[in-house]
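Engineer: Protein sequence lines, in the order shown, are assigned to chains A and B. In terms of full-length UniProt numbering, the first sequence has 155 at position 155, counting the first letter as 1, and numbering is strictly consecutive. In terms of full-length UniProt numbering, the second sequence has 96 at position 96, counting the first letter as 1, and numbering is strictly consecutive.
These are calculated hints, taken from the structure and not from any lab test. It is possible that some hints are incorrect.
What the hints assert, rightly or not - To give an idea of the chain B side of the interface with chain A (calculated C-beta under 8 Å), a few residues:
(1) Ala34
(2) Thr67
(3) Thr71
(4) Met155
The beta-carbon is built from N, C-alpha and C at its ideal position, and this holds for glycine as well.
There are 2 protein chains.
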Amino acid sequence: MNGSMWDGRDDLADVITSDLSRRLSTATVLFHHAVAERLGLGPTDHKCLDLLYERGAMTGSELAAITGLTTGAVTGVVARLEKARHLTREPDPRDGRKQILRPVFDASPEIVEVFGSIRDDAAGLVAGFDDHELAAIAEFISRSIDFSYRRVAIMRTEAISRVKEKDHDR
Amino acid sequence: MNGSMWDGRDDLADVITSDLSRRLSTATVLFHHAVAERLGLGPTDHKCLDLLYERGAMTGSELAAITGLTTGAVTGVVARLEKARHLTREPDPRDGRKQILRPVFDASPEIVEVFGSIRDDAAGLVAGFDDHELAAIAEFISRSIDFSYRRVAIMRTEAISRVKEKDHDR
DNA sequence: CCAAGTAGCTTAGATGCTAAGCGAAATAGG
DNA sequence: CCTATTTCGCTTAGCATCTAAGCTACTTGG
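Put together the whole structure using the sequences plus the hints.
Structural biologist: Below, the structure written as structure tokens:
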């Protein structure tokens, strides 16, 4: 239960990939949901907004493709986020069908308060590590990000080829 | 966009806490949701099941406290997970009101297939790191888990003291 | 035994997602 | 230039799931 009783070599690697990463995943999902509630957003809205912050402006159909939502759901997400002033919509000058969704960065005092406090706390995550250790951590996180998106893509394509196989033991 | 062009000391720490952790968070949420869909579960059901796997058997009210769900929502979650054979319910011999929710570990071939493939892929996450680097990574993940649960607890208590302040610009 | 607290379930209402289909705009082919 | 196809975002109907409130059953303390 404490965090400092590992001994072996490959054991530690296994602990990271099997146990720690899984626990971090669950904790992250809970955290993400709590932040969404704190901001008055649903989890889906928060997820979409995060993607807009990370990747910059994009269209609704891109957002649907990344999140796996239908375009109908994205319409609702965009309408709520726009009403709450978290994004703006502009028509694409080169394609009249598209609308460019642009995240609003001049955050409200509400958001500054929440994330300011979080950011201060987050400094403790990297306290005491030297450059070499930080580089290893950064590399691990980068690989984890790639891993997640890679597996999401694989699961989506599997889902397509699996089509419909429902009512399997009702 | 590539993952190997950092130079400074504290810059790297900032990149980890501000940028990389956030991107990992978003990727993790998408991943978690995709796994849930792959298993035929909703995101909430999957989150609860993960908690049961991690922490072992618990009661419904504990699950509600950890996830922030109402007890009514937990009732629905438990009913669905039980029907899908992901958990069993036993009455608590010492308290007739409680029901002990026990996760089922003899997973279906479905689950073995999904997570077997994922586990093989995950081995690449730690490839090439030495013991020292792995220890740093493990420590960082442990801190991140603690961080997430700590901030969730803080946000929940803030939400209580904030009570009702709705309809703020409809 | 009775009062108060706790655990889980039920109900009503609201929200948000999917699936299917629409019109408008861009592209391809003749 | 003109039509056919594709793509984009929106609308609608239906459904799943969450919250809030109240209920019953059980436990605990006087």
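Engineer: None of the hints should be skipped; say for each whether it holds.
Structural biologist: Results of checking the hints against the structure:
1. Because the smallest distance between the Cβ of Ala34 (chain B) and any Cβ of chain A comes to about 4 Å, under 8 Å, the interface hint for this residue holds.
2. For Thr67 (chain B), the shortest C-beta to C-beta distance to chain A is roughly 7 Å, which falls under 8 Å, so the interface hint holds.
3. For Thr71 (chain B), the suggested interface contact is broken, since its CB lies about 17 Å from the closest CB of chain A, more than 8 Å.
4. Nearest Cβ of chain A to the Cβ of Met155 (chain B): about 5 Å, under the 8 Å cut. The hint holds.
Comparing the model with each numbered hint stated earlier shows that hint 3 is the single one that does not hold.
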